[in-house]
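Just so you know, the sequences run in chain order H and R. Throughout the first sequence, residue numbering follows the numbering used here, covering 1 to 157 in sequence. Throughout the second sequence, residue numbering follows the numbering used here, covering 1 to 157 in sequence.
Keep in mind the hints are simulated off the structure, nothing from the lab. Misleading hints may appear alongside valid ones.
As the list makes no split between identical chains, a pair holds if one copy fits it or if it spans any two.
Unchecked claim - Taking lysine-lysine pairs in the DSS-like style, the calculated list, with each CA pair at most 25 Å apart, reads:
hint: 1; residue 1: K117; residue 2: K29
hint: 2; residue 1: K120; residue 2: K102
hint: 3; residue 1: K102; residue 2: K123
2 protein chains.
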Amino acid sequence: MNAFQEYYPENVAHCFGCGRLNSDGHQIKTFWDGDETVTHFQPLPFHMAMPGFTYGGLIASLIDCHSTGTAAAAMYRSEDRAMDTLPPFRFVTGSLRVDYLKPTPLAALLEIRGTVKEIKGRKVIVTTTVTADGVITARGEVVAVQMPDSFGIAMPA
Amino acid sequence: MNAFQEYYPENVAHCFGCGRLNSDGHQIKTFWDGDETVTHFQPLPFHMAMPGFTYGGLIASLIDCHSTGTAAAAMYRSEDRAMDTLPPFRFVTGSLRVDYLKPTPLAALLEIRGTVKEIKGRKVIVTTTVTADGVITARGEVVAVQMPDSFGIAMPA
Numbered sequence: 001m002n003a004f005q006e007y008y009p010e011n012v013a014h015c016f017g018c019g020r021l022n023s024d025g026h027q028i029k030t031f032w033d034g035d036e037t038v039t040h041f042q043p044l045p046f047h048m049a050m051p052g053f054t055y056g057g058l059i060a061s062l063i064d065c066h067s068t069g070t071a072a073a074a075m076y077r078s079e080d081r082a083m084d085t086l087p088p089f090r091f092v093t094g095s096l097r098v099d100y101l102k103p104t105p106l107a108a109l110l111e112i113r114g115t116v117k118e119i120k121g122r123k124v125i126v127t128t129t130v131t132a133d134g135v136i137t138a139r140g141e142v143v144a145v146q147m148p149d150s151f152g153i154a155m156p157a
Numbered sequence: 001m002n003a004f005q006e007y008y009p010e011n012v013a014h015c016f017g018c019g020r021l022n023s024d025g026h027q028i029k030t031f032w033d034g035d036e037t038v039t040h041f042q043p044l045p046f047h048m049a050m051p052g053f054t055y056g057g058l059i060a061s062l063i064d065c066h067s068t069g070t071a072a073a074a075m076y077r078s079e080d081r082a083m084d085t086l087p088p089f090r091f092v093t094g095s096l097r098v099d100y101l102k103p104t105p106l107a108a109l110l111e112i113r114g115t116v117k118e119i120k121g122r123k124v125i126v127t128t129t130v131t132a133d134g135v136i137t138a139r140g141e142v143v144a145v146q147m148p149d150s151f152g153i154a155m156p157a
């Protein structure tokens with residue numbers, strides 16, 4: 001089973017958070033798990049907020065890219081299309097909200113889980129949790145929007 | 001004039017976003033500019049969302065750490081204390097919201113500006129803009145909270 005990000009067209013596969021072609025980036029991999037989506041990510045030692053805990057910017061970044069990936073996958077599902085069919089769906093973030101509930105341990109393998117709250121036209125709203133050692137440490141909500149033409153990137157048709 | 005982050009106690013100066021002791025991190029530097037606070041940051045080529053544009057997780061991270069730094073500085077100001085006096089103030093993020101208004105160019109020097117919206121007990125709310133080439137590309141709001149004891153880090157008294 002391929003991750004959602006393996007289907008991103010090559011010209012939009014360089015994102016630091018989720019692009020498979022960004023060798024310096026996080027290269028997250030997101031999959032369906034029933035009606036939810038799941039990404040696992042192991043923070044590196046330097047991703048610390050303070051010794052022992054993960055910095056909030058990484059949490060935000062994981063929620064962001066997990067959610068835009070989920071939005072794309074949800075749009076394919078809603079049209080009953082496989083993710084390798086054309087034209088591709090690719091989303092950008094309209095807004096991101098993160099509630100930091102508890103400190104997130106740095107040593108734990110993080111589980112990011114997304115649920116599609118709403119699909120409305122070109123927008124998909126995704127709610128996401130970050131879990132470490134069985135405890136939800138952060139909750140996010142992303143309004144993802146199909147990539148506007150203003151990005152000036154030609155999408156393969 | 002020192003940046004806010006240069007006053008962070010050593011045991012809380014390792015944050016990937018703002019810690020002066022994290023050699024792998026962004027090491028942002030934030031200063032007062034009248035009643036606003038300002039950070040400048042140059043994204044690196046691999047911080048891309050797609051070719052030419054900055055990834056949203058970096059924007060979120062910059063807003064986050066700029067705002068917690070602003071919260072600390074604002075708390076010192078509200079008590080009419082210099083930032084090198086003890087006990088220190090150090091804030092964590094309770095919640096973060098980012099509205100992505102336009103794509104943020106990767107080549108531009110970013111200017112992050114913060115305004116203190118409210119100080120209430122242990123909470124400080126900071127609103128922040130990210131500007132590239134004179135255009136506001138993102139707006140953020142952070143609810144920063146004085147570091148709770150649950151972080152288990154002894155603060156120098």
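(Q) I want to check one pair: K117 and K29. Are their C-alpha atoms no more than 25 Å apart within a copy, between two copies, both, or neither? (A) within (21 Å within a copy, 38 Å between copies)
Q. Given a CA cutoff of 25 Å, do K102 and K123 count as a within-copy pair, a between-copy pair, both, or neither?
A. Only across copies: K102 and K123 sit 16 Å apart there, 30 Å inside one copy, limit 25 Å.
Q. Within a copy, between copies, both or neither: where do K120 and K102 come within 25 Å Cα-Cα?
A. Intra 32 Å, inter 21 Å, cutoff 25 Å: inter-copy only.
Checked against the numbered hints given earlier, the structure satisfies every one of them.
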